[in-house]
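**Q** Each chain, letter by letter, is given below.
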Amino acid sequence: MESSAILAVVPHLRRYARAMLADRAAADDLVQDTLERAWSRFSQWQSGSDMRAWMFGIMHNLRIDQLRRPALVTRAIEEEDFEMPTRPTQTDRLEVRDIATALQQLPKEQREVLLLVALEDMPYAEIATTLGIPVGTVMSRLSRGREKLRLIMEGQSPSTKLRVVR
Amino acid sequence: MSKHTITDVDLHAYVDGRLAEKRRAEVADYLAAQPQAAERVNAYIAQNRALRDLFNPVIDEPVPERLRVLVSPPPVADRPARAHLSRWSLERVAAGIMIAVISGVGGWAAHGKYQPAQQMARMPTLPRQAAIAHVVYSPDVRRPVEVGAEQEDQLVAWLSKRLGTPVHPPKLGALGYELIGGRLLPGNSGPVAQFMYHDATGQRLTLYVSTENTSNHDTAFRFAQEGPVNVFYWIDGQFGYALSAGIDKAELGRVANAVYEQLEHK
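In order, the protein sequence lines correspond to chains A and B.
Going by our numbering, the first sequence opens with residue 1, and the numbers climb by one from there.
Going by our numbering, the second sequence opens with residue 1, and the numbers climb by one from there.
Just to be clear, a hint being listed does not mean it is correct.
Stated by the list, open to error - Just the calculated beta-carbon pair ranges, DEER-fashion:
no. : chain 1 : residue 1 : chain 2 : residue 2 : range
1   : A       : S40       : B       : E39       : 14 to 24 angstroms
2   : B       : E146      : A       : Q66       : 18 to 28 angstroms
3   : B       : E65       : A       : D23       : 16 to 26 angstroms
4   : B       : A20       : A       : L151      : 39 to 49 angstroms
5   : B       : K22       : A       : D121      : 18 to 28 angstroms
To be verified - Covered stretches of chain A, as calculated for chain B (at least 3 residues, CB under 8 angstroms):
no. : stretch
6   : 53 to 61
7   : 117 to 123
8   : 145 to 153
Note that these hints are calculated values from the structure, not bench results.
All C-beta atoms in this analysis are idealised placements derived from N, C-alpha and C, irrespective of residue type, glycine included.
Here chain A stands alone, though its shape is the one from the complex (with noise of 0.2 angstroms):
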């Protein structure tokens, strides 16, 4: 029964959307219109394929969608242009850092891998398929993510981030 799947799905969704959006009330409105897109869509989902894949898919075009919009072009500085040869010591230097806030500060592309695999423990591949990108890409972000959020834990890395007009 289709109303199940999605009863069981909907926990996710808002974890995964308070995570994404640090913001309790736009995480569930950001559910909503999920849920709502789902329905109206309905007829496209294969029955007996997984609902979660599906559901989640849903909600990131739906993100992709509320992003989009005309700005200037801005391309984000890939971090790699700017790795510096250096090796974190944190034996002297054992920060705290807030992972929320810390969160908060990674690119969404990669907040998006991150949370998957650590909230949603979707594999790979799978987050490749929701996600429309391939698992090389799913890698590089997760790696990426995972890096950059060590170094604003231990204050290593400059929260600013820079950006290029096209």
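Following the hints, position chain B against chain A.
**A** Below, chain B without anything else, positioned relative to chain A:
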């Protein structure tokens, strides 16, 4: 892959417990010999745990009513009925315009007589308030809105929070109207929202969104004229919508229908 070649992907799969036993042991051996890699891996494992500790409580929260109702399929009768209402409304608007054209204001007065008395009693405030808000704010050159369209996310979040329910400005770009922004206004008993749009010629149009409706009667499109301002308005659940502009009725009706469609099928 050689057992000595441990890749970044292996390390992440190790963190997430996705390696087969044999490979897992190989990575563990590698980490035992590579303190820097081990340090990273331990930090990543700690991240996973911290994120779960932080957000897992959401799973056990009761699901809010507005989401719970959406877990079941929408009533079968609901969607066709609404679609029908929409078409019916359009016909009604078209008929109304015909009457108005033929008989002038008298046509609309007659049209009004066919509305149930109860609805007539509570309706006039919505278009009137909307029209007043329109004439007050739309001529303002420098500060027509409180929050501009360039901060649409913030605008939506703010107005939704203040109105206590999600409100989104419809997208009217296809009709030539771009969002300028929005503002919060006092209604009869609390906050209402106003979104403002303009077209390429600078013609402004406002959408007034009230959440103060407490009766259960939805309505089709209604039309009102407040001085130079034409208003199309309708009630949908708790929401009252009024679209105001100094443009002609047919054009405004076209926009009103687009707004209605978007709000219905968001």
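**Q** Could you run down the list of hints and mark each one as holding or not?
**A** These are the hints, each one checked on the structure:
For the pair S40(A) and E39(B), the supplied restraint of 14 to 24 angstroms is violated, since their beta-carbon distance comes to about 48 angstroms. Separation of E146(B) from Q66(A) is about 21 angstroms and conforms to the stated range, judged on CB atoms against 18 to 28 angstroms. Range check, E65(B) to D23(A): Cβ separation about 19 angstroms, and the 16 to 26 angstroms hint holds. Restraint check, A20(B) to L151(A): a C-beta distance of roughly 31 angstroms breaks the suggested window 39 to 49 angstroms.
For the hinted restraint 18 to 28 angstroms between K22(B) and D121(A), the CB-CB distance of approximately 22 angstroms keeps it satisfied. With a cut-off of 8 angstroms between beta carbons, the stretch 53 to 61 of chain A has 0 residues touching chain B; three or more are needed, and the interface restraint is violated. Figure legend: the stretch 117 to 123 of chain A, annotated as covered by chain B; annotation consistent (5 residues with Cβ-Cβ distances under 8 angstroms, at least 3 required). Requiring three or more residues with a Cβ within less than 8 angstroms of a Cβ of chain B, the coverage given for the stretch 145 to 153 of chain A holds, as 5 such residues are present.
Against the hints set out earlier in the document, violations occur for numbers 1, 4, 6.
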